[in-house]
Amino acid sequence: MRDLVKITGIAIHGYGGYVPRYRIKSEEIARVWGKGEGELPVKEKTVNNLDEDTITMAIEAAKYAIARAEIDPKKIGAVNIGSESHPYAVKPSGTIVAEALGTSPSIFSADFEFACKAGSEAMQMIIGLVGSGMIEYGIAIGSDTAQGRPGDALEYTAAAGAAAFVIGKTGNNVAAEFEASKSYVTDMPDFWRRDYERYPVHTSRFTGEPAYFHHTLSAINALMEEDGYKLSDFDYFIFHQPNAKFPYVAAKMLGIPIQKVEPGMLSHIIGNTYSACSLLGLVKVLDEAKPGQRILITSYGSGAGSDSFVLKVCEGIIEKRQKAPTLARLLQRATYIDYARYLRHRDKIRV
Amino acid sequence: MVFRFRIPSHWRAKPFRYRLIVYRCEDCGMVHQYPAIICRKCRSTRLRHTQLPQTAKLLSFTVVRQAPVGFEELAPYIVGVVEFEDGTRLVTQLTDCEPEELKIGMEVEAVVRKITQDGPSGLIIYGFKFRPRIV
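Line by line, the protein sequences give chains R and S. For the first sequence, position 318 matches number 317 in numbering that gives the first Met the number 0, and the numbering has no gaps at all. For the second sequence, position 5 matches number 4 in numbering that gives the first Met the number 0, and the numbering has no gaps at all.
Okay, chain R solo, but in the shape it has when bound:
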């Protein structure tokens, strides 16, 4: 099947996803801005509570990941958080999360930023740290309370959520093993937020073909060519989900059956959780995958780049799944709010 495995002996020991309780329907946002309901990018999206931010959601997801890993937090050697909504411009999120989790102070911690792929970037770094033997376990987290300018197309999708993974050397009781990884980046002016600006700007249709699709497909195709995988080797394909349509278009371009994409889809019901987006798709798939199945997950972050990972699900997944609430359980908490309350939750009312 393949000649070269790029990552050997590194596995996910525990995983956790978190989405806030609150939701706003796209039709409610469309009602306020006088837009038709015909072409709304998602059905509804998550909204953080008044007391939630990137740090608190990262802690929630990481606690579930540690519960599934069943390890002493003192064994964790690195806490990496990817986000584009770190609460402080200068003061790391990672140190607060690490103390809340009860890790040792003698750890490596960094905040990553790469638009929506900051979470998978954090994961790449943890894999490297574990692989080099510098740490025994590390936590990679993607967490965001994404910003969307009122009335802008992004307001329908910019959502809140977090996903965390405890990564270490492989063993008898791990959730999934990494097999390979490939990244692809270019200088792409599709989406950005300048310093001191509250909201990002984007280049509308330009964010599709040369940005999302080019980088996503380039990372996947490079993985196929260099590592000798075939698309038929995979049971699940997880994509970054800026809306509910792009992943299916990418799948069609690659010739992937829809049935292998659907299990990892979340954006139609929770929106685009940015740094957590594709990682939450992985959490959802790990909640249902069987040992022996193979997963291909590909993130995308504007600016732009994609990280692609190949994972093989292991026997430990069955037992670990029960150690923390599943994503489906968290999604059941959905409580719908109107646009006025949404503005309050998102700190868009300034007096």
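Each hint should be verified, as a subset may be incorrect.
[Said to hold, decoys possible] If you anchor each label on the Cβ, the simulated ranges turn out as follows:
(1) R/Ser-103 with S/Pro-34: 16 to 24 Å
(2) S/Pro-34 with R/Arg-148: 44 to 52 Å
(3) R/Gln-258 with S/Arg-11: 50 to 58 Å
(4) S/Phe-4 with R/Pro-104: 37 to 45 Å
(5) S/Arg-64 with R/Ala-339: 13 to 21 Å
(6) R/Thr-334 with S/Glu-72: 16 to 24 Å
(7) S/Arg-11 with R/Val-31: 44 to 52 Å
(8) R/Lys-251 with S/Pro-67: 53 to 61 Å
(9) R/Glu-196 with S/Glu-71: 24 to 32 Å
(10) S/Lys-56 with R/Gly-33: 26 to 34 Å
(11) S/Arg-5 with R/Ser-103: 51 to 59 Å
(12) S/Met-105 with R/Arg-148: 23 to 31 Å
Hints in this document: simulated from the structure, not taken from any laboratory. As the structure is a prediction and not an experimental result, all values here were calculated from the model. Glycine included, C-beta positions come from ideal geometry on N, C-alpha and C.
Since chain R is already given, all that's left is putting chain S on it; use the hints.
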């Protein structure tokens, strides 16, 4: 800059606010939130730091509508008394719920949330709150 909150005090309170680490007197059982040398109740010097459980039982609650300074943005919010398995009781905010969803005796779990912030440029204070347990 003038800080509304005492930053050293928050810094010292982190173990309690983030992870419910307390100092329990081994003679009388009194629980101290902050590192203590002598028990405030019995003057014993035998204090041991321990972590309170992450789940508790809801004993009572009320809704705060006239919030004190620093908490105006959250009002109305719920404050309750929770009791741990060992009998230790704690006054805490309750989050991710409406008052009508709460029942006396229900199980609640600790989460870390934003407690308050010192304006747009000051420190964000994080700490425990409780919510109905997700199982």
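Does the Cβ-Cβ separation between R/Glu-196 and S/Glu-71 fall within 24 to 32 Å? 27 Å, holds
Starting from the hint 13 to 21 Å, judge whether the C-beta atoms of S/Arg-64 and R/Ala-339 obey it. 18 Å, holds
Distance restraint evaluation - R/Gln-258, S/Arg-11, Cβ atoms, bounds 50 to 58 Å: Given about 55 Å between the Cβ atoms, the range holds.
Is the distance from the Cβ of R/Thr-334 to the Cβ of S/Glu-72 consistent with 16 to 24 Å? 20 Å, holds
R/Lys-251 versus S/Pro-67 beta-carbon gap, inside 53 to 61 Å or not: At 57 Å between Cβs, range holds.
Is the distance from the Cβ of S/Phe-4 to the Cβ of R/Pro-104 consistent with 37 to 45 Å? 23 Å, violated
R/Arg-148 and S/Met-105 - C-beta distance against the hinted 23 to 31 Å: Violated: the Cβ-Cβ distance is about 40 Å, outside 23 to 31 Å.
Range agreement (Cβ of R/Val-31 with Cβ of S/Arg-11, hint 44 to 52 Å): The hinted range 44 to 52 Å holds for S/Arg-11 and R/Val-31, with Cβ atoms some 45 Å apart.
Does 44 to 52 Å hold as the CB distance between S/Pro-34 and R/Arg-148, or does it fail? 46 Å, holds
Against the range 26 to 34 Å, how does the distance between the Cβ atoms of S/Lys-56 and R/Gly-33 compare: consistent or not? For S/Lys-56 and R/Gly-33 the Cβ distance comes to about 49 Å; the hint is violated.
If you check the beta carbons of R/Ser-103 and S/Pro-34, does the distance land in 16 to 24 Å? Distance hint for R/Ser-103, S/Pro-34 holds at roughly 19 Å.
CB-CB spacing for R/Ser-103 and S/Arg-5 relative to the 51 to 59 Å hint: 27 Å, violated
Of the numbered hints given earlier, the model fails hints 4, 10, 11, 12; all others are met.
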